[in-house]
Amino acid sequence: MHRFVLVAAVLALAPAKAEGDCMPSQLMTQVIPKADTAIPSDGGILVAATVSGSYDPANGGKGSAEVVQPKWRLRSGKTAVAPKIDVLAPGLAVYRIRAESQTAPITLEDDSGKVVASVTASKSKLAAYPAPKIKKLEYIATLSRRSSQRIEATLEVEPAKMTYAIVIADAKGKPTSWGMTGTGLTQFPYMHSDCGSLPNGTSIPKPGDIVTLFYVDSTGRRSGASKPMKLGGKLPY
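Residue numbers (the working numbering): 19 to 255.
Please keep in mind that the hints were generated in silico from the structure rather than gathered at the bench.
Heads up, the beta-carbon is just placed ideally off N, CA and C, and yes, glycines get one too.
Honestly, I wouldn't trust all of these hints.
[Claimed, not checked] Across the chosen pairs, the derived CB separations fall in these ranges:
#1 Pro246 / Val86: 39 to 47 Å
#2 Lys102 / Val133: 14 to 22 Å
#3 Lys224 / Gly131: 20 to 28 Å
#4 Lys102 / Leu253: 38 to 46 Å
Could you build the full structure based on these sequences and the hints that come with them?
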């Protein structure tokens, strides 16, 4: 799982020092699959906006990472094509592999021609990706010098091994935010503090809203949606 990455992300959202104002964390565009990962037919190359350290004005600033890169290209042999990009949530997208590219190694190149991912295509069909089973879903806020908000999901079953993210969507099915999964039954589809940064377009459901959750694995496969549930908790004001 992604426990160590999750801990690093949580620490980036926490105060850096007890004294003075903290520096907001910086987001970066990150390609998730490891080299030579076999991508199933219903997956693709997952790209995420992730925490990369402290804010640096020279790098575009808070919330600047963009996962939709229209100038990036998929290459198979001598053929380079524009990928179909599906946005799964704010700051989370999958670059689909074209069927005609599935007989050779596939690379994803950025707008400078640099290879940012190298994968293979799998012809095997995977079992259906099970939806999250929610036991409890609660909005929790802490008001202090550096306030924080999170949505805490208590699950009946731990996320599958390949799961990368847990996404929360509104009553109409529109994804509003996501968080990296870790081990255990408690997961956080939303977590933010005054010192953190969020992908562009992120929003947070409020207590009483009807929401659903779904998983995304490291190859861009999306699970089914959970049963709708009312978000518990209360606003701090």
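Hint by hint, work out which the structure violates, then give me just those numbers in ascending order.
Violated: hints 1 and 3.
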